[in-house]
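Student: Chain by chain, the residues run as shown.
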Amino acid sequence: MNVLECEGLVKAFDDLVAVDDVGFHIAAGETYGLLGPNGAGKTTSISMIAGILESDSGSVTVGGTEITTRTTEGKRQIGYVPQDIAIYPDLSARENLRFFGKLYGIPKARLDERIDEVLAVIGLTDRGDDRTEEYSGGMRRRLNIGIGLLHEPMLLILDEPTVGVDPQSRNSILEGVEELGRTGTAVLYTTHYMEEAERLCDRVAIIDGGKIRAEGTRRELVELVGQLDTINLGVVGSARRLAEALASVTELESVIATEGSVEILVEGASGLLPRVLEIAQQSDVGVSGVEVIEPNLESVFLHLTGKALRD
Amino acid sequence: MRAAFVIAGKDLSQRIRDRSAILLGLVAPLGLAFIFSAIIPDTTASFDVSLAYVDQDGGEISSGFISGVLPDIEADELATVEPYTDLDTAMVDVESGTTHALYVFPDGFTDGVLAGDGGSVRLVGNVDHSISTQIADAILSGYLAEIDAVGISVDAAMRSGAQDPTALVAAAAQSPDAVVLVDTEAASRELDATTFFSAGMAVFFLFFTVQFGVSSLLEERFYGTLPRLLGAPISRWSILGGKATSSFILGLTSMVVLAVATTLLIGAEWGNPAGVAILMISGVLAAIGIMAVVAVVSKTPEQAANWQSIVAVLLGLLGGTFFPLSQAPPALAFFSKLTPHAWFLQGLGDLSAGDGLSVVVIPALAMLTFFVVTVAIAVLAGRGRVLAP
Ligand SMILES: Nc1ncnc2c1ncn2[C@@H]1O[C@H](COP(=O)(O)OP(=O)(O)OP(=O)(O)O)[C@@H](O)[C@H]1O
Ligand SMILES: [Mg+2]
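Residue numbers (the numbering used here), protein chains in the order written: chain E, 1 to 311; chain W, 1 to 389.
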């Protein structure tokens with residue numbers, strides 16, 4: 001059963017159509033990525049999904065309940081982690097958590113226990129009673145996420161949670177999201193980092209200019225655009241001779257010789273690499289380096305939109 | 001409802017940590033009330049007093065006052081004196097405040113007194129010029145006391161058998177209440193200086209205190225927490241309700257603490273607690289409404305804070321929180337009624353006159369009208385905008 005279903009979401013700000021007919025669904029335990037550059041419409045889309053922003057049209061249901069800006073009870077199923085850090089600087093982490101816990105109606109008896117659990121998960125147990133204005137940027141980010149987790153929602157929406165985070169904190173955030181997926185939480189994750197989408201997401205939607213350009217698993221997306229693997233061979237000796245020798249291998253889509261290197265396009269590079277190296281040896285051409293580039297979401301994005309994911 | 005209280009509770013704990021609310025809500029008004037009441041012992045010292053009379057009597061006693069007493073008062077520049085022939089014209093001028101207090105000597109006054117039947121002089125005072133009226137009262141009483149003394153000595157002379165043409169005057173002395181004052185409309189309706197400054201500073205700073213509560217909504221946007229509130233399983237009204245509740249509690253607490261503190265520390269007399277409570281509650285609501293309008297029409301939190309301060313100061317000045325309106329030009333007195341401050345102080349003044357609780361009804365209704373109108377404006381102006389993420 002799908003935890004989230006949304007369809008036909010549209011939002012315009014004056015003349016600018018920020019989100020144009022966005023729709024998708026997420027199943028329990030599934031992590032779904034919205035991958036797109038700045039201004040693609042990611043935040044606007046999830047704001048409508050979380051019932052924060054009024055949509056011009058379209059519908060959202062979470063756990064079978066329709067979500068609009070006027071929904072109250074249904075929003076209990078949603079955890080929302082805003083892109084910009086949203087905590088009270090003059091309150092401690094514990095007080096921030098307690099306030100939102102009360103708003104979400106977590107029973108008093110459970111709340112203190114749950115706050116301790118969340119503080120442990122986000123690694124702030126020792127600093128829980130300090131005012132958050134004394135926290136580092138990474139600590140604030142972790143609390144920002146912790147507030148979204150507090151009430152154990154069935155759908156967790158994370159809006160670019162790793163922006164401005166050091167590599168170590170980033171890794172622990174990503175591990176946390178993977179763990180959530182394993183425990184059955186549906187996760188909606190927006191990012192403009194291709195690697196994060198590839199690592200975390202079961203399915204990814206590529207969004208640009210307010211529209212979803214393509215959607216599917218990483219493999220499906222790559223196949224969709226018919227991208228091939230690239231093998232780059234650094235050669236000592238005649239690159240042309242090697243290229244001519246490789247022409248006999250029919251599985252290779254194209255072979256291009258340049259000064260000191262040979263670039264080969266192929267479907268499934270790893271399977272053919274031993275044969276390529278064997279032919280090089282037979283042709284008496286020395287190989288100084290091998291690089292295999294598999295197509296990724298970055299190249300899918302480039303193919304679909306004609307521009308790079310990051311400027 | 002529950003969510004509104006959760007939000008209000010959070011806001012209040014933030015305000016308590018942020019000292020500026022306590023500073024503006026308690027320390028500043030208390031300090032200023034204390035200073036003002038110490039350096040300005042009484043506000044009557046330099047006031048103009050304008051008196052008038054209508055002499056329908058034309059007898060010895062009335063003309064003794066009019067030509068014997070009043071010219072001296074005028075010569076000493078204690079008051080200006082205006083004669084009227086027509087009672088109606090004179091009454092109109094008292095009502096408008098052109099004249100502060102009017103003596104009316106009715107037809108047959110002197111004859112009545114001399115015949116031993118008693119008589120009365122009417123003293124009509126303008127509501128907002130109680131001090132002038134009290135002065136007028138004192139002048140007349142002094143004169144009438146002298147007549148009394150004259151009467152007694154004549155009486156003594158008569159008993160010794162002497163024939164005196166003033167024997168008739170002596171009759172006045174025989175009736176102990178030969179002359180009574182009636183119709184002093186302006187029962188003291190003004191607060192004493194200490195209470196005035198205590199109440200004035202309390203209502204002046206109320207607007208700053210309330211501003212903290214109202215502006216905390218802008219702060220939620222600034223901290224980025226507004227989207228979280230919008231995403232929470234609570235109604236949007238409870239967000240506004242929470243802000244209104246914390247503003248109300250802040251405002252009312254500062255008023256109550258100030259009333260108690262000025263009563264205990266500098267001897268202010270706020271009057272009937274129930275009446276004071278009604279005035280305070282309506283005043284706090286009016287302040288919330290006005291500050292909400294300013295917040296809603298502002299584009300940024302800084303802009304809101306600046307305009308809220310300007311509005312609070314202007315309304316405070318116009319509303320007579322720094323100086324009593326009773327002696328201000330009539331135009332200012334009129335415009336001051338466009339501020340909740342003036343209604344609040346008027347209500348307290350009337351209450352202090354001991355007229356009973358009913359005197360606070362009109363001022364309270366006036367302030368509640370401010371509340372209703374400004375909240376309506378804020379809701380209309382802020383619709384679809386205030387609670388956008
Ligand atoms: N409140 C608003 N008023 C006007 N335009 C807006 C508003 N919010 C977003 N937009 C516009 O809508 C478009 C989509 O913005 P959105 O914030 O959804 O992008 P995003 O994909 O989240 O980008 P980023 O990665 O930078 O966060 C942008 O062109 C943005 O300028
Ligand atoms: Mg965004």
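Read the hints as simulated data drawn from the structure, not as lab findings.
The C-beta atom is built at its ideal place from N, Cα and C for all residues, glycine as well.
Treat the hints with care, as some may be off.
[Claimed, not checked] Quick list of the computed label-pair ranges, beta carbon to beta carbon: (1) 57(E) <-> 301(W): 31 to 39 Å; (2) 166(E) <-> 38(W): 36 to 44 Å; (3) 10(E) <-> 260(W): 25 to 33 Å; (4) 131(E) <-> 311(W): 31 to 39 Å; (5) 59(E) <-> 260(W): 50 to 58 Å; (6) 1(E) <-> 277(W): 30 to 38 Å; (7) 120(E) <-> 361(W): 57 to 65 Å; (8) 125(E) <-> 18(W): 46 to 54 Å; (9) 265(W) <-> 131(E): 44 to 52 Å; (10) 1(E) <-> 380(W): 30 to 38 Å.
Student: Hint by hint, say whether it matches the structure.
Tutor: The hints, checked one at a time:
no. : hint                          : result
1   : 57(E) <-> 301(W): 31 to 39 Å  : holds, 33 Å
2   : 166(E) <-> 38(W): 36 to 44 Å  : violated, 59 Å
3   : 10(E) <-> 260(W): 25 to 33 Å  : violated, 58 Å
4   : 131(E) <-> 311(W): 31 to 39 Å : holds, 32 Å
5   : 59(E) <-> 260(W): 50 to 58 Å  : holds, 56 Å
6   : 1(E) <-> 277(W): 30 to 38 Å   : violated, 57 Å
7   : 120(E) <-> 361(W): 57 to 65 Å : holds, 59 Å
8   : 125(E) <-> 18(W): 46 to 54 Å  : violated, 27 Å
9   : 265(W) <-> 131(E): 44 to 52 Å : violated, 34 Å
10  : 1(E) <-> 380(W): 30 to 38 Å   : violated, 44 Å
Hints 2, 3, 6, 8, 9 and 10, counting from the list given before, are not met by this structure.
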